[in-house]
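If you want the building blocks of each chain, they are given just below.
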Amino acid sequence: MNSVKAMRILSKSILYLLLAIMTVLMILPFLWMLSSSVKLDREVFNMNPFVWIPEKPRWQNYVDIWTKVPFFKYVQNTVFLTIVVTCLQILTSSFAAYAFAKLDFKFKDRLFFAYIATIAMPWQVYMVPQFLMMRSFGLNDRLLAIICLQAFSAFGVFLMRQFYLSIPDSLCEAARIDGMSEYGIYARIMLPLSKPAIATLTIFTFVATWNDYLGPLIYLKSQDKKTIQLGLKMFINQYSSEYGLIMAGSVMSLIPVIIVFLCLQKYFVEGIASTGIKG
Amino acid sequence: MAAGKPDKSELDKGRKKRAFKKNLVAYSFIAPNFIGFAVFTLVPITFAFLLAFLEWDGNNPVKFVGLENFKALVKDKFFIASLKNTIIYSIGTVPLTLVSSLGLALILNREIKGRAFFRTLGFFPYVASLVAVTSVWTMFFHSSKGPVNAVLYYVFRVPKENLPNWFTGSLVLLMLILFSVWRFMGYYMVMFLAGLQTIPRELYEAGTIDGANAWQRFRFITLPGLRPTTFLVSVMLTINCFKIYDIAVMLAGGSTNTLSVSSMVLVYYIYQNAFNFWKLGYSSAVAMVLFVLVLAVTLIQFKGQSKYANE
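Chains L and B, in that order, are what the protein sequence lines are.
Under the numbering used here, the first residue of the first sequence carries the number 1, and numbering increases by one thereafter.
Under the numbering used here, the first residue of the second sequence carries the number 1, and numbering increases by one thereafter.
Check before you lean on any hint, since a few could be wrong.
Covered stretches of chain L (in silico footprint by chain B; criterion: 3 or more residues with CB under 8 Å from a CB of chain B, positions within the stretch not fixed) [unchecked claim]: (1) 40 to 47; (2) 59 to 65; (3) 75 to 86; (4) 93 to 101; (5) 104 to 118; (6) 203 to 217; (7) 253 to 262.
Hints in this document: simulated from the structure, not taken from any laboratory.
For glycine and all other residues, C-beta sits at the position ideal for the given N, C-alpha and C.
Bound conformation, chain B alone (with noise of 0.2 Å):
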């Protein structure tokens, strides 16, 4: 047993050492991104909540307010429309971004002639250039010289003080859904025709055999086997919906970048009151409400994750 002993502590120091290495060589692997990471995400982040409860313009000395902030945004009317807008524009495009990927899917999931080529079309507006893609949509609905207007002058017969100016008033955000709808739409679609992968064949067999018409599958086998998709899809929809900025400015900021109260989003609100106003506290306000809004949405998506796993 004597003899045991140093061994054993020998022993002992060598498994050490060995998971002494081990971990370094882990973390060897992790440095570089978690190092980025930690920096540019982490450390921001954590500034980004202390900041809400601040009042700074980026050169004074900072002053803590309490929430202060926050009680200022209730009455504030540029952001009760900005987040009135963000909502409204997120309930339009979800469900119609739904309705038109799925339907992609179901006609791109069957045997048809093409079918690689159209998947692919169907990326084109996601991975286009918003500039690009943006520009010719203002230029589609153009209020006096766009071929959409000019149908309705022409076919429809619209007088031309009748003509509609797309980018202006309640119609604009009418715009910025359809906008969204056709870009993300295929990108949506690849996610739908992956879920339809997972629904078994034999179900489909099944129900022919029992007589099932073509809607009565789709009803019953399809839609409940797509349900996890549909409800991944209508998160990730959702949250990428109230991030919404880019497409709002480009369609309906005209040359200035400017966003009137018809058309603002959280997101402009965010960056107009940091980088116009140099409100940094206030902005970060609004950041906050942001953050709770898809904080919210991704704890919907944590419970129904965990709902469908134990299906």
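The shape of chain L in the complex, shown without the other chains (with noise of 0.2 Å):
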């Protein structure tokens, strides 16, 4: 009986123990993050000893790096485009899908298709000849163009068919029955039950377009339509040694996207759960 016990609290050790090496490893780059972006240049690296909280720490770093780039512009650009594409997305895609999943219609299963189809063909695989085409319609540097990249995926209404299809269809019948238009359905009834779904879709769609750094690189030029990803990159480039302020920078980049992130992610695991697997 004590060696059963003793091996339960061996195992329960090890696994305390794996627990730990995992949490530094996935906290520890974050920390050292924080702990430079408050730091000068030359302390950064200063191993002997090495100091997480500098004893004068250097709040200047979050002030100089609005004025060394234009900080703010890239603030405003990527909050702007993040609102719209997510908006749109979550939009245009449950309205989508509601029809997919709800109503018969002629074409449905060809027009469904189409969405299908698409699911093996990776964005960089068209992504060039989507950028002349852009170009052609005058898109080309302008904030728009992100908009209609991002903003009509297919991820979008699968993943909220996905969702509809598991309301009983009878919820939508006896509403029917009731005199109650589709659209009112699809507002009053599916709408605020597919909230898990919304959320998922939101912390999707809202990452994507935050942290996207090829479509800003491909389409946006000029230094006024830059993102934060592309003007932290342009940053770092151009100052590589300033590391205080390069990681003020990140630190600022992160926090919307935590925010968004912790608000939603009770949903957020039920949705990736959910989708993934029925997927």
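From the two separate chains plus the hints, produce the assembled complex.
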């Protein structure tokens, strides 16, 4: 009996040890980022002795980043793009998904097949022709190009449709008999029920748009159009040894995503779990 | 009967009218997304297939060259390098991510304190902006000043001239792999966690009664139960690995965002040919290779999915 107990304690300790190692690996880069963001450049790599919080934290880094580059403009552009893309994505894909999940109509299968056929098609395969097309529309170097590119993904339609399929049809039938229009059913029954799916799609779209690099790199050329990712990368390329400033900019680029994620994460975990497995 | 006839056509008319209205309502739901999707996704995809057989710099007249672009690919050492690097990177990243995300899921599936906190934490590397986290990594592994090499120097007494330069030569792919595992682990962990919930508890109870130890329960209950999840995760991971671009550019691209033969990947080569050299047809031919790779994995997935559906 004693040996069983010993084994249990041992396995528990191993478990917690593994967990501790994982936690350190996960969190260390973020702690380093925070710590470096209030240091002088020469303090950042000082290992002997290494201090997490410098005696005189250099908050000035958080001020300087706004004047050294047009950081405010980057933030403005990124916030604008992210909000517009996320709203459009959620509206249009939940709308389309409702028809695919709950309505019968001509060419339904064929239209849905058009979406399915693009699953195996990474954006990177057609990003060049897409750019050529957008350029001929006069969308080169315009924020609108990024909106067009991100807002109508097939992924959003799939995710929402998947969720709507799990809502019983009888609910819609009952509402139809009561004389509610399809738009009413969508707005007053389906939307309120699909909060987890909407939260998931919001996080996915928000994170993808906020963190996107290649899309803006291709389209947004002029300084006042750049997003945080582009601007930060450009700053790093230009002032590669201003570590304190780079880290301060990095910390600030993380804050909005982390806030959105923390607010919606409860749904998110459910969301990827269900869409991933059923997908 | 004579009176019934007009009634029937009247009925038909009404039915048709209602069906027409029904279709119209449905289309009004689909239109906003579908129009955007058709214009900005379907049209460029069609264009991409055409472009691979053309020679075009974006301004001068288009020239049809048949399979010339593909023939040139086979002899192009940069293309071969980027294909090779992409595949090596994927072969390294997929199993490592699989094992570590499964391990993490197994730990976090147990009743431990602060489980929700750890699950959230695992997600941070995934949602954090790439520029931010890659700049931390490049600092960690900085060849002369970074803490990793400092540990090698002070603790393991590696002489200064032997300290590795992590972002060049053969080490750079290793760096890309390790970084990707770190970044994606939490994401796939959630999928494994969901998969674990689908395994019936009774199986474990029965296993325990039959005297199966922890390893045997894992080997004969957990692993088979997770097979569909493992399969799906491997497919998703592989496809994501094939698409690698920004991780490579940010870790190995230096201040000019250029990759050398040792770190070049397919999407980088697509980008470079299109937007630096303006060889649009050639770039699209490279893109077709990427497409075929992804398509192959997707077809395997469809096959596997129907297999698991039948089980």
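Verification of the supplied hints:
1. 40 to 47: holds (count 3)
2. 59 to 65: violated (count 0)
3. 75 to 86: violated (count 0)
4. 93 to 101: Coverage by chain B holds here, the residue count being 6 at a Cβ distance below 8 Å.
5. 104 to 118: Holds: 8 residues of the region 104 to 118 of chain L have a Cβ under 8 Å from chain B.
6. 203 to 217: With 6 residues in contact (Cβ-Cβ under 8 Å with chain B), the coverage given for the region 203 to 217 of chain L holds.
7. 253 to 262: Holds, because 6 residues of the region 253 to 262 of chain L bring their Cβ atoms closer than 8 Å to Cβ atoms of chain B.
When held up to the earlier numbered hints, the structure conflicts with 2 and 3 and fits the remainder.
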